[in-house]
Structure formats: structure tokens, C-alpha cells
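Asker: These protein sequence lines are chains A and B, in that order.
Numbering of the first sequence is given in my numbering, commencing with residue 1 and proceeding in unit increments.
Numbering of the second sequence is given in my numbering, commencing with residue 293 and proceeding in unit increments.
Treat the hints with caution; some may be incorrect.
Said to hold, decoys possible - Listed below are the simulated DSS-like cross-link pairs for lysine-lysine, each with C-alpha atoms no more than 30 angstroms apart in a straight line:
hint, chain 1, residue 1, chain 2, residue 2
1, A, K255, B, K433
2, A, K43, A, K119
3, A, K255, B, K451
4, A, K119, B, K379
5, A, K212, A, K255
6, B, K379, B, K400
7, A, K174, B, K494
8, B, K494, A, K283
9, A, K255, B, K318
10, B, K315, A, K255
11, B, K400, A, K287
12, A, K42, B, K400
13, B, K400, A, K283
14, A, K248, B, K400
15, A, K283, B, K502
16, B, K379, A, K269
17, A, K162, A, K174
18, B, K502, B, K318
19, A, K283, B, K483
20, A, K174, A, K112
Claimed, not checked - FRET-style restraints, in silico, Cβ to Cβ:
hint, chain 1, residue 1, chain 2, residue 2, range
21, A, N200, B, R407, 41 to 51 angstroms
22, A, H45, B, D396, 21 to 31 angstroms
23, B, I392, A, I151, 35 to 45 angstroms
24, B, I392, A, D81, 49 to 59 angstroms
25, A, K174, B, K432, 21 to 31 angstroms
26, B, E326, A, I151, 50 to 60 angstroms
Claimed, not checked - Which chain A residues stay away from chain B? Per the calculated CB distances, all over 10 angstroms, these:
hint, residue
27, K112
28, R142
29, R196
30, N282
In case anyone wonders, no lab produced these hints; they're calculated from the structure.
Built from N, CA and C at the ideal position, the CB exists for glycine as well.
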Amino acid sequence: MLNPHLRFAVETLLKAANPRGEPYYRTTHFQKMVFLLYINLKKKHLDLKLPYCWYHYGPYTNAIEFERQTGVPLSYYTPDDEPTIAIDDVFHEGISSKEAALIDREARKIVKKYQTDGKYNFDYLNNLLDDTYAYAPFEFQRVFNRDFIKILRRLASYDVSKEEVELYLDRLMKYYPYSEIHELYDAYLEWDDTIRLALNFSSSMEVERLAKDFWMIFTEALRMNENENISEDIKVEWRFIFYDKYDKYLADLGKKRAHLLRIYEKDFKTDGEIEMIVDEMNKLAYKMAIER
Amino acid sequence: MAHFLDSNVIIGYIFDNADTQGKYAKIVMRIPEEKHSGQTVKNECFGFNENGRCQTVKSDITREFRRVIAALNRGSEVSEILEEMEKINTLDNKRCRTCIIIRDIAEKYNGDAIRLASVLRTSQRNFDAGCLRRRDDVDKKIIFHERDLSYTDIYNTLKEYIEDMDDIEVIIDAHHVGLDICNLVLVSGDKDVTSFEELIRKVTSITDVKRLSSFADYVGIQN
Numbered sequence: 001m002l003n004p005h006l007r008f009a010v011e012t013l014l015k016a017a018n019p020r021g022e023p024y025y026r027t028t029h030f031q032k033m034v035f036l037l038y039i040n041l042k043k044k045h046l047d048l049k050l051p052y053c054w055y056h057y058g059p060y061t062n063a064i065e066f067e068r069q070t071g072v073p074l075s076y077y078t079p080d081d082e083p084t085i086a087i088d089d090v091f092h093e094g095i096s097s098k099e100a101a102l103i104d105r106e107a108r109k110i111v112k113k114y115q116t117d118g119k120y121n122f123d124y125l126n127n128l129l130d131d132t133y134a135y136a137p138f139e140f141q142r143v144f145n146r147d148f149i150k151i152l153r154r155l156a157s158y159d160v161s162k163e164e165v166e167l168y169l170d171r172l173m174k175y176y177p178y179s180e181i182h183e184l185y186d187a188y189l190e191w192d193d194t195i196r197l198a199l200n201f202s203s204s205m206e207v208e209r210l211a212k213d214f215w216m217i218f219t220e221a222l223r224m225n226e227n228e229n230i231s232e233d234i235k236v237e238w239r240f241i242f243y244d245k246y247d248k249y250l251a252d253l254g255k256k257r258a259h260l261l262r263i264y265e266k267d268f269k270t271d272g273e274i275e276m277i278v279d280e281m282n283k284l285a286y287k288m289a290i291e292r
Numbered sequence: 293m294a295h296f297l298d299s300n301v302i303i304g305y306i307f308d309n310a311d312t313q314g315k316y317a318k319i320v321m322r323i324p325e326e327k328h329s330g331q332t333v334k335n336e337c338f339g340f341n342e343n344g345r346c347q348t349v350k351s352d353i354t355r356e357f358r359r360v361i362a363a364l365n366r367g368s369e370v371s372e373i374l375e376e377m378e379k380i381n382t383l384d385n386k387r388c389r390t391c392i393i394i395r396d397i398a399e400k401y402n403g404d405a406i407r408l409a410s411v412l413r414t415s416q417r418n419f420d421a422g423c424l425r426r427r428d429d430v431d432k433k434i435i436f437h438e439r440d441l442s443y444t445d446i447y448n449t450l451k452e453y454i455e456d457m458d459d460i461e462v463i464i465d466a467h468h469v470g471l472d473i474c475n476l477v478l479v480s481g482d483k484d485v486t487s488f489e490e491l492i493r494k495v496t497s498i499t500d501v502k503r504l505s506s507f508a509d510y511v512g513i514q515n
């Protein structure tokens, strides 16, 4: 086995976090906790070499690489749509007692943080997400996932105005990781303008859908850039997946934007100055199209 | 008489360019004659996946506007943004084509980045929405025909005189439509096509070839 520490850490964490395999602790909780364990142990100079990337729902352990490193499928520990499994005996071959003690201590410390009197706190996933997103590589991710998405849910119940949402969009624009996620930058700007249109000309549900769709494609690009301990073949595969999804995303965004622009056009007032600018844009466009 | 429209007619209409041939394209689109075109024109203008000339140019222009809005939002100075655009133009010939338009607008809002960003945002939306409305019009008013025959003899004859293969394809598309529709008139703003009027009439089913500018005579239809 290439990475006995990782297997030991996962089994130790599961034994501490969900010893009887109960339904309050599932894959998503595990994914966040194993990442925090990896981070905390790294600070103590023990590198688990966790194969993870930043993805749709935060840090995410890659199943293929995990199995390559540990010899055990990740789905053995975290079956689909089920709680994590109960661990009776932790596999400890290749682990020194000092390392075992450190991993055990850190795993318990993490679990304890989300419990009161040995029971998990209500909505502890939210706190787990906040804690993992504290390590997110980009401020943009924090603003989008921890603030913007939440505020959009409140838009539906009129708890928040569209002007407040626009302020979040302005913040997002300030933080977009232009240099790192450059391939998505123009799509992001198109999305930004489209969601602002939707705020004025569509339902809060549509606004939320636009936000979620963008987040999904953004995180496809994100995982290609922000990952650790992942083999090259997996990253190549991610690249293919990204470009396939990106084309579909652009087509879908284009359709939604066209729909909103048709509504927008019925509503807009004539403005001589804007008309003059648009005339110039049309002249330039014609010139560019003809000379191609 | 039914009209068969070349790509420059459609491009002129989509970009609503009142200064040049666009104003005649507008007339062509407004007169009641049946309007036809072919797959070559459709692909050239709109592509297979919305990547034809119209969509590409529209995206290039709106993208540059949005990039400026984003830079203003991040606190960049207008002068810095324009300098950057000009630098790109120098490095990559004519890449930031909207630079002159943006410079003109920026001069009016000197120092007021918020107002400038708002004007740029509205302008790119109105431009985008206008192009889209006219694209919808094109889809509504023009019948695009597929062609599955190559008409090799006609192609070979035209090839002796006309250099551009795409122009030949458009003429053959029109010929294909003209076999089913009587008195079909090919309308083009391209001299490389219209100057071969006699040849085209002689070897194809096309009845007449009209220059786009000839529609200037249709008084009262323009607006």
C-alpha cells in the first residue's frame, strides 16, 4: 500500500465521527472532516497526502486516487446515499504508535468541535463548511458559496432587496480569480450581466438557478487548478470534462440571456446618448464582420 | 419577385448599420417580397453552434465592454484601462477594437467611474438586444434552404470567372432555390458577385442579380 497513513486516518476519523454508522453522518460530512484532518495534521508535520480538489461542495477527496493510494475503494467507507460505515478495527500496519496517537487525537478534536455532550449540533454541516472554506484558495469562493448563495435564498422570501444582491455581485467581481481561472473569465462576465438582468426581469428561482449553474461550471474549472496529490491522468480527464460541460454551459447561458434580453428590450426607454453609442458599436461590428 | 439574400445583406441588417449598406439591407428586409437564402449564407452568418460571423463579432464587442466594466468595478482608472487596451492593440494588431468607442464615452464621464460603468453596461445590453431582435426577424422572414446537389457543371463554369469559392457556393445555393421558385433575384452587396450578373443569369436559374445599393430607390420603406 502506497499510503497507509491515509487509510489509518480515514478509519480513525470514521471511528470517532460515526462509530455505529448512523444516518446523521454522511459522505458530505466526512469529506469536509477528512480535509480538516489533513490540514491540521500537516500543521503538525504529518502529511497524509490526501488526494483532493476544490469542487462543487468544497474540498473533495478523489475516489480513484484514494483507491490507488490505499487499496480500498472510497465508496467502501462512504456508500452512495448512505451513512458512512461503522469501523470496528482500524488498519494500522505501517503506522508508528506516535503517529497513531497524533492522528487519533486530531480526529477526535475535529469531531468534538461539532458536538455538544457527545451529540452533533443542529446544522453542524454549515459550521463544517465555514471551517473548510476558511482554507479555500480564493476569496471569490467564500463570497460566492458562503454569502452570495445564502443571500439568494433570502431573495425568494423578500428578506433581501435586489440592490443588496447587486452589491454581492460587485464584491464577486472584485474577487474573481482572473489570473488563476482565466479560461472562464469572459463566461463569468456574461453570467454577471445576465444574472443582473434576471434580478430585474425574472423570478428569484431563476436567479438562484443561474447562480447554481455558474457555480457548477466554475468549480469544474476550479478543480483543474486547485488540487493536491492527484495524478496527471485524472487531471487530463477533468480537463476534457470541463470543456465538454463548458460548451453546454455557454449554450445554455446564451439561451437564458436571449430570453431575458427579449424581455429587457420591451422595457427599455429610448436614450439618445446610448443610441449613439449603440450606433457606433453596430458600425464597428459591421466593419469587423465584413473584413473577416 | 422573390429575393435570395447574400450574407452581406444579412450582416448589414443584423448590425443595423445606417451609414453604409446596412440601410439598404433594412429596406430589403422590410419590402414584402418573399425572402430566401441558403445554408452557405446561414453558416457564414450564424455558424453551426452560433459561431458564425455575426455571433463572433457581437461576442467580441460585448466582451470588451464587459471587461472594461469589470476593471472599473475593481477600481482601475479609466486611463489605465485605455492604456492597457492600446497596449494589447499594439501587441496583437486590432484586438481591442472598441478602444476608440470607449475612449469617446470615457471622455464624457471623466472621473465618474460608476456612471461610466452604467452607460457601458446599458450600451452593451442594448446592442446585444438589438442584434438578437434582428436575428429573430431574420429567422422569421427568411427561408433558409438546404442543398444536396453539387451542380458540378455550373460550379466549373463559374469557377473560371469567380475567384471566391464561398461566392460560388452562394450562387449555386440560389440556383438550387431558383429551380423551384420562379423569377428569383439574387441580392448581394458584394461587387465580386454582382459584376458577374450576366454570367449568373446565363448559367443558372437565377432571373436577376441586384446590387444591395439599388434598393435606395424604395422610398418610404426605410423607416
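Asker: Does K287(A) sit within 30 angstroms of K400(B), going by the straight-line distance between their CA atoms?
Answerer: holds, 25 angstroms
Asker: Check the hint pairing K174(A) with K112(A) against an upper bound of 30 angstroms on the C-alpha distance.
Answerer: Status violated; Cα separation ~37 angstroms.
Asker: What's the verdict on K379(B) and K269(A), does the C-alpha distance respect the 30 angstroms limit or exceed it?
Answerer: Violated, at about 36 angstroms.
Asker: Below or equal to 30 angstroms on CA atoms is what counts here, so check K255(A) against K318(B).
Answerer: Holds, at about 26 angstroms.
Asker: For the pair supplied as a hint, K400(B) and K283(A), is the alpha-carbon distance within the 30 angstroms limit?
Answerer: holds, 20 angstroms
Asker: Does the no-contact call for R196(A) survive, Cβ to all of chain B over 10 angstroms?
Answerer: Non-interface label on R196(A) violated, nearest chain B Cβ at 8 angstroms vs cutoff 10 angstroms.
Asker: Sort out whether K318(B) lies within 30 angstroms of K502(B), counting only the CA atoms.
Answerer: holds, 15 angstroms
Asker: Assess, step by step, whether the Cα of K283(A) is no farther than 30 angstroms from the Cα of K483(B), and give holds or violated.
Answerer: Judged against 30 angstroms, a Cα distance of about 20 angstroms means the pair holds.
Asker: For the pair supplied as a hint, K315(B) and K255(A), is the alpha-carbon distance within the 30 angstroms limit?
Answerer: Given pair K315(B), K255(A) holds - Cα atoms ~28 angstroms apart, limit 30 angstroms.
Asker: If I claimed the Cβ atoms of I392(B) and I151(A) lie 35 to 45 angstroms apart, would that claim hold in this structure?
Answerer: Since the Cβ atoms of I392(B) and I151(A) sit about 39 angstroms apart, the hinted range of 35 to 45 angstroms holds.
Asker: Against the range 50 to 60 angstroms, how does the distance between the Cβ atoms of E326(B) and I151(A) compare: consistent or not?
Answerer: holds, 53 angstroms
Asker: Holds or violated: K162(A) with K174(A), Cα cutoff 30 angstroms?
Answerer: Within the cut-off at roughly 19 angstroms; holds.
Hint check: violations occur at hints 3, 4, 7, 8, 12, 14, 16, 20, 21, 22, 25, 29 and 30; the rest are consistent with the structure.
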